[in-house]
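K.L.:
Please construct the entire structure, taking both the sequences and the accompanying hints into account.
Chains as they are written, first to last, in the numbering used here: chain A, 139 to 544; chain B, 139 to 544.
Among the clues, some could well be false.
Since the list can't tell identical chains apart, any single copy or any two copies may satisfy a pair.
[Claimed, not checked] Straight line, CA to CA, 27 Å or less: simulated DSSO-like cross-link-like pairs of lysine-lysine: (1) K141 / K376; (2) K444 / K196; (3) K161 / K173; (4) K539 / K172.
Hints listed in this document are in silico derivations from the structure and should not be mistaken for laboratory results.
Protein chains: 2
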Amino acid sequence: MIKINENYLKLPGSYLFSTIAKKVNEYGAAHPDKKIIRLGIGDVTRPLPKAVIEAMHKAVDEMADAATFRGYGPEQGYDFLRNAIAENDYKARGVDISPEEIFVSDGAKSDCGNIGDIFGVDNVVAVCDPVYPVYVDTNAMAGRAGDYDPKTETWTNLVYMPCLEENGFMPQLPERTPDIIYLCFPNNPSGAAIGYEELRKWVEYARANGAVILYDAAYEAYITENLPHSIFEIEGAKECAIEFRSFSKNAGFTGTRCGFTLIPKELEVNGVSVASLWNRRHTTKFNGVPYIVQRGAEAVYSPEGKAQVRELVDFYMNNARVIREGLAQAGFSVSGGVNSPYVWMKVPEGMTSWDFFDELLDRANVVGTPGSGFGPSGEGYFRLTGFGSAEATIEAIERIKNVFGK
Amino acid sequence: MIKINENYLKLPGSYLFSTIAKKVNEYGAAHPDKKIIRLGIGDVTRPLPKAVIEAMHKAVDEMADAATFRGYGPEQGYDFLRNAIAENDYKARGVDISPEEIFVSDGAKSDCGNIGDIFGVDNVVAVCDPVYPVYVDTNAMAGRAGDYDPKTETWTNLVYMPCLEENGFMPQLPERTPDIIYLCFPNNPSGAAIGYEELRKWVEYARANGAVILYDAAYEAYITENLPHSIFEIEGAKECAIEFRSFSKNAGFTGTRCGFTLIPKELEVNGVSVASLWNRRHTTKFNGVPYIVQRGAEAVYSPEGKAQVRELVDFYMNNARVIREGLAQAGFSVSGGVNSPYVWMKVPEGMTSWDFFDELLDRANVVGTPGSGFGPSGEGYFRLTGFGSAEATIEAIERIKNVFGK
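P.N.:
Put into C-alpha cells, the structure is as follows:
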C-alpha cells in the first residue's frame with residue numbers, strides 16, 4: 139500500500155496571511171466606512187517596465203510564426219539571458235562568472251525550495267530567525283528539520299540564529315556547526331543588509347567547516363549603500379556558496395515568474411561538482427522558463443530597461459523612506475528601509491506582534507505583518523513594506539503618527 | 139561537512155539525445171550535400187494558435203497598466219483557467235471534477251518529476267518499459283529505484299512492465315505488487331493507446347492493492363478512436379489516481395510552459411488527503427504560472443482556440459498517418475500513429491535500434507530515435523514522430539520506401 143511522505147504531516151498549518159486576510163475582512167465588514175490601507179504585502183504593485191512589455195510583445199509575435207516559433211528551449215535558460223546576467227549582474231561588479239554557471243528558473247522561491255533535492259537528508263541546517271518560511275518548510279518536508287515543537291514554535295533539528303535589535307539583526311556564528319546555512323540579504327523580513335566584512339566572516343566560517351551557504355539575494359536591487367550585491371564579491375565564496383536571484387522585486391516579475399540560481403564551477407563536495415547535480419535536477423524535473431518571459435527578463439538589462447527598473451526601485455524605496463522616517467517620528471524603534479523595501483519596527487513595550495496588528499488595524503486602519511509570523515525571534519516586531527502606492531503610504535503614516543505619536 | 143544526495147551519483151549519464159545530435163552533426167559535416175530530415179523530435183514545430191497569441195498580447199498589455207497589473211497569483215492557478223479546464227476537459231466528458239482539484243503548473247514534466255516529493259521513499263514503483271525517462275530518473279534521485287545495473291540497464295528496485303509487440307504494447311499486471319504505478323496513454327514512446335476495459339483493469343488492481351496510479355495523459359488530444367481521454371472516466375479512479383495534463387502537445391506550449399495535475403478529493407491515504415499534501419508542496423516550492431501564459435492557456439478553450447488546436451493536432455496526425463502507412467508499405471511492422479503523434483516501428487531482424495539509426499541516417503538521411511533509449515524493452519524498436527513539416531515528412535517516407543521497400 140502506498141506510503142505518503144510522513145514529514146508533511148509534521149508541518150504546522152501555514153496561517154499567517156490567511157489569518158491576516160480573515161481579520162481584515164472581518165474588520166472591513168464591521169466598519170464599512172473605514173478606508174483600510176494595506177502595507178503588509180510583499181508583492182509589487184507597479185506595472186512591468188516598458189522595455190519588458192515591448193520585448194514580450196515581440197516574443198509573442200515570434201511565437202505566432204513558424205519561422206521564429208520556439209519549442210523546447212535549453213532547460214538552463216537561453217544564452218541571450220544567461221549572457222546578459224553574467225555580464226550585468228556579475229562582470230560589471232568585478233565578479234568573473236560564466237553564463238554556464240547560471241541556471242534560469244521560474245523564481246527564487248522554487249529554487250530555494252528545490253535546492254535541497256541535491257543534498258543529503260543528514261545535513262544540519264541553519265536559518266536566521268525571523269526567516270522566510272520557505273527555507274524552513276522545505277527542509278521539514280525533506281526530513282532535515284526533525285520534529286516541530288509547538289511550544290517553542292521551532293524544529294528540533296534546525297539551528298536557529300536569532301536576529302534581534304541587540305545584534306543589529308545580524309545572525310551570529312552558531313554553537314552547533316551547520317552543513318547548510320541559509321542567508322538572505324537584504325533580509326526578508328527585517329530589511330537588514332550585510333556588509334563586506336560581515337559576509338567575509340560567513341564565507342570563512344563555511345569554508346572552515348565544509349558548509350555551503352545558500353545565499354538569497356532577491357532584494358539586491360534595493361541596496362543603496364556600499365554593500366555586496368552578490369556573495370561572490372567575497373573572495374573564496376565560489377568554493378562554498380550558491381546564490382539565488384529574482385526578477386520579482388526589481389522588475390516586478392512576481393506574476394511573470396523568472397529568477398536564477400548561480401552555482402560556481404568551483405563548488406565541489408568530495409570532488410563532485412554541485413552544479414552538475416543541480417544541472418541534472420534542473421533538466422530532469424524542469425523544462426525551462428517560457429521563451430516570452432526570458433525575452434522580458436533580457437530587456438531588464440537594456441539601457442531603457444535599466445533606467446525603468448531604477449525608477450521602479452526608487453519609487454518603492456521612497457515609500458520605505460516615508461514609512462521609516464514617519465515611524466521614527468512617531469517614536470518607534472525602526473530598522474530596514476535603507477537597503478530594502480521592508481521596514482522592521484519594534485512594537486510598543488508589553489504588546490505582542492498580533493496585539494499591535496489588531497491595534498494598528500483598529501485605530502489607524504492600516505494592515506501590516508506581525509513579526510512572529512516569521513519565527514519566534516520575530517515576536518515583538520512588525521513588518522511594513524514600501525510596495526504600496528505613494529499616496530496610501532503617506533496617508534497610512536500620517537494616521538500612525540496621529541494615533542501613536544507622542 | 140555538507141553531504142550530497144548520493145542517489146544522484148547512481149544515475150547513469152543521459153546521452154540519448156546528445157548522442158543522436160553528435161551522430162547527426164558528424165554525418166552532416168562529412169556529407170554537406172545531403173539534406174537530413176529529422177523525424178526523431180518530440181517537440182512541436184507549428185506556431186501557437188492565433189487565439190493564444192491574441193490572449194497573450196492582451197495579457198501583456200494588462201501587465202503594462204497599474205490598474206490591471208498582476209503580481210503574485212494563486213499558486214494553484216487562476217480560477218479562470220481552472221474553471222475552463224474543469225468545464226472543457228472533464229465535465230464535457232461526463233467527469234465531475236471541481237476546479238479546486240486542478241493544480242496549474244509549468245508543465246507535466248515538472249509535475250511528474252515533483253509528485254514523488256509527497257510520497258515516502260519506501261514505496262515500490264512500477265513503470266512501463268520502454269518509458270519516458272523522467273519517471274525513472276526522478277525515482278532514482280529520491281532513492282526509490284535501488285541501484286542501477288548497467289548490464290541489464292535497469293534499476294534493482296523498480297518493477298518493469300515490458301510493453302512489446304506480443305502484448306500489444308500494453309503493460310501486464312506485475313508479479314511484484316507496486317505502490318505507485320506510472321501509466322502514460324497515449325504512450326510516449328510507443329504511441330499505444332489504452333481502452334476503457336484495459337484501463338478499468340488497472341483501476342481495479344490499484345484499488346485492490348492500495349496503490350496509486352500516476353496517469354500521464356499529455357497526449358490525450360491525439361486520441362481519434364473511442365478511448366478514455368482521462369483516467370477519471372473510469373469508475374473508482376478518483377480513489378486511486380492522479381492525472382497529469384499538458385498544453386505542450388495540443389496547443390504547442392513546449393516553449394510556453396503550462397500544464398496541470400488533477401488530484402481528486404476522494405484520493406486519501408490513511409485518511410490523509412493527497413491533494414492537501416500536493417497543495418502544500420505546490421504553495422511552498424512553486425509560485426504559480428505566469429499570468430500571461432495562463433491567459434494563453436485559457437484561450438485554448440475558446441471556440442476559436444478549440445478549432446485552431448484541432449487544426450494543429452490534425453496537421454501532426456496527418457504526418458503520423460503518412461509515416462505509419464509509408465512504413466507499412468515499405469514492409470515494416472508498425473504501431474502507434476493512430477491515437478498518437480508517435481509511430482513505433484520494429485527494426486529489421488538482426489539489427490539493434492542503434493544499428494537501424496545509423497543505417498537510416500546513412501542511407502535515407504532521416505533521423506529517428508532508437509527505442510533502446512527508452513529502456514531495455516525498447517531495443518529492436520524505433521520512434522518516428524509526426525511533428526515535422528508535411529513536405530519533409532512525405533519526402534522522408536519516400537526515401538525510406540526507396541531504400542528499404544521490397
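K.L.:
Hint by hint, note whether the structure agrees.
P.N.:
Now the hints, each set against the structure:
1. In this assembly of identical chains, K141 and K376 lie within 27 Å of each other by CA distance solely across copies; the values are 18 Å between and 40 Å within a copy.
2. For a Cα distance limit of 27 Å, the shortest separation of K444 from K196 qualifies both inside one copy, at 19 Å, and across copies, at 24 Å.
3. In this homomeric assembly, K161 and K173 come within 27 Å of each other (Cα to Cα) only inside a single copy, at 15 Å, whereas the closest approach across copies is 68 Å.
4. Within a single copy, K539 and K172 get their C-alpha atoms as close as 18 Å, which meets the 27 Å cut-off; across copies the closest is 79 Å, which misses it.
Hint violations for this structure: none, all hints satisfied.
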